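Listed below, chain by chain, are the residues.
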Amino acid sequence: MVAVLGKRKRRVEITAERPQQAEEAESDNEAMRAAFKRAFEAKFQPLEEVKPASPLNAHVQILREAEGEEQSEFSGFSSEDEEEENVEVVEVATVSRHRTEGTIRSEQRKFMSSKPPISITKIPPTTKSKKPPSDSDDEGEAVNLKKDRELQQLLRESHLLDRTSSTSLNPTGKNRHKAIDLRIQGLGSKVSVFKQEKMPASHRKGIVAKAKNREDTRRKEAKENGIVLERPQIKKGRDAAKKRDRGVGGPAVGRFKGGTLSLSKGDIRDIVGSRGKGKGKRR
Amino acid sequence: MSTGTSQPPLKFTGHKSLVQRLVLSTLTGRPIRVSNIRSSSHTSPGLAYHETNFIRLLDSVTNGSVIDFSYTGSTIVYRPGLITGSAKGYGASGEGVIRHEIEKDCVRGISYFLVPLCMLAPFAKAPVNVLFTGSGVITSSTEAGDISVDTVRTAILPLYAHFGIQNKIELRILKRSCAGPGGKGGGGEVQLVFGHQVRLPKTIHILNPGRVKKVQGVASAVGVHRSNNERMIRAVRESRGPMVPDTYIYSDVSPAPTVTNGDKSNPNSGRKLGKGFGISLVAETNNGTLYSADMASPPGGEVPAEEIGKRCALQLLESIAQGGCISNIGAPTALTLMAMGSEDVGRLELGRDVFASEPILSLARDLRTFGASQWAARDSNATEEHRQGNIVVSVIGRGIGNVGRKIA
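Line by line, the protein sequences are chains A and B.
Numbered according to UniProt numbering, the first sequence spans residues 1 to 283.
Numbered according to UniProt numbering, the second sequence spans residues 1 to 408.
Warning: the hint list may mix true and false statements.
[Claimed, not checked] Dumping the calculated BS3-like pairs for lysine-lysine here, alpha-carbon to alpha-carbon at most 25 angstroms:
1) 202(B) to 125(B)
2) 115(A) to 175(B)
3) 110(A) to 168(B)
4) 202(B) to 115(A)
5) 168(B) to 115(A)
[To be verified] To give a feel for the contact side, a few chain B residues facing chain A, derived at Cβ under 8 angstroms:
6) 153
7) 154
8) 157
9) 158
10) 169
11) 172
12) 216
13) 248
14) 250
Bear in mind the hints are in silico, worked out from the structure with no lab data behind them.
Small disclaimer: the values here were computed from a predicted structure and weren't measured.
Every residue, glycine too, gets a C-beta built ideally from N, C-alpha and C.
Looking at chain A on its own, in the form it has when it is part of the complex (with noise of 0.2 angstroms):
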């Protein structure tokens, strides 16, 4: 019986061991058929022990091992499984891959969209690696936008410059009072501080006229040798002066003169229209 007792505490200290995520249903048939067991050895004779099913096996054997119960000891192979020449190696390659319904899905999204599916075209990356923003980043853009501006201002000059002017780019002399000229004018001012207002008129009839017949050659030049230049300005002609400012709270028409509108004649054929010359009707 003692031997009875014995076989029942490991017993119990084997179902203490399993794991716990073994099935609930498996461990309830365990725990029935060990009841059995117990009630028929009691009423019987001791069973001879029934080996048991593969996990609990192994179980058993790490337990044995445990309690320094020596098992049969693993002697290695003999000596006719050494050649290893005879040793067959079969490579079994399973090919059928575990595919959840998710990637099913996934997959059949991809493939039936409008677009080319793209699982097929792998597209090698093209994108390149940034370079790592360095400390000195921000200075560097500081120190590229002064050179910048300083670069168009340059270009922007660059026409006073001349030959005579000495090594550095910054102008000099008369040039100099030029470039702050432009340089308040881009900054908003209506005109230039060296437009002259006073001359005598053939003076200024002589400097009209002597534009405008350069633009005539520019433009005859640029014609015969077939290159396409900008429209000429239109020149505001008597029409803008005609249609001058008449001031707040001043009549649309006529002349507001001592209480009295008085419309000239101009003015009465303008509003009722010219009778008579047209033939057909007006639509």
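Chain A is already provided as a structure; the job is to place chain B on it using the hints.
Frame of chain A; chain B shown alone:
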């Protein structure tokens, strides 16, 4: 382009590879004159309906093209203009979509229009967005040898990624349709969006086809029961053998499109057109090579779905057996893009049977006529068994590319 330089037109004869010549003419800017188009036919001389319709399509995506027909339509002079794409104000609607109508006399599948249009699209000035509609749009494969629209999307459009053309490309199948009675017409609707325009396509060197690892496909039933799809898919699975376990064939069932007969008093009157079923298969290798096959029920019917599936599977096996890095349906596209690329030698390994086929050789001759440099071909020196006999074609690009982009 036609206004600036007045080159004499290149002369061709016959209706064979007419579309290819029109495309090359548009891409290179050389005017062409094609004579003797079905001139020996007494009943229907001159251009067929689908050819005139393609010329109309060319007219709508280009600006400044001049097309002259002879009285019988057996001679055509085409002076190409700039490929504008679907730019607003050039025939495109407010959303920038060109609506292209195909009437019911059309016997060719929509891929007859789509594939050449895709070749032009990367060189357009604006994105290309064309909606094919009307009672002549057949989306399935046809007996004339056109591939289905699924194959265009899954086997032709991915080729453009090799050339660096891969963004904003879409092929929307709005309505499916098989060929109608007598192989004429269908009521499908397809929209092509090709929004990636380049200066020059990249030079490619594709020399290793790889091994087939996956087969995907679409089975579609239009106006017939969905069991046809399952029967086709089953037949494909039975005949493709145990070597490729990754086979995914998706089933698409849609009602038959209704085509109105133009009766304005009764707008709801119409008939269902283009019933049938078809299957498109694409095999993909580990290197991204695509082999495809297509089969559809004939317009007369009387072929069981199992037979269609089996034929398609066999066709796919044949395409795989031909080998090469580009299959026979994609080779004209790839070679044309290579010829339009930068002045650099691109290399492409093709199967011997693919290279020696009539369309490829006629493309080589036409390209030479259009002033492109000749191709060089040598045997592949690969040692693998499945690559024995393949041919490596070297093509030098013209380096002109997209004229519209150059100006802009």
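Structure-based check of each hint:
{"no.": "1", "hint": "202(B) to 125(B)", "verdict": "holds (18 angstroms)"}
{"no.": "2", "hint": "115(A) to 175(B)", "verdict": "holds (16 angstroms)"}
{"no.": "3", "hint": "110(A) to 168(B)", "verdict": "holds (15 angstroms)"}
{"no.": "4", "hint": "202(B) to 115(A)", "verdict": "holds (21 angstroms)"}
{"no.": "5", "hint": "168(B) to 115(A)", "verdict": "holds (8 angstroms)"}
{"no.": "6", "hint": "153", "verdict": "holds (6 angstroms)"}
{"no.": "7", "hint": "154", "verdict": "holds (6 angstroms)"}
{"no.": "8", "hint": "157", "verdict": "holds (4 angstroms)"}
{"no.": "9", "hint": "158", "verdict": "holds (4 angstroms)"}
{"no.": "10", "hint": "169", "verdict": "holds (6 angstroms)"}
{"no.": "11", "hint": "172", "verdict": "holds (4 angstroms)"}
{"no.": "12", "hint": "216", "verdict": "holds (5 angstroms)"}
{"no.": "13", "hint": "248", "verdict": "holds (7 angstroms)"}
{"no.": "14", "hint": "250", "verdict": "holds (5 angstroms)"}
In terms of the numbered hints stated before, the structure departs from none.
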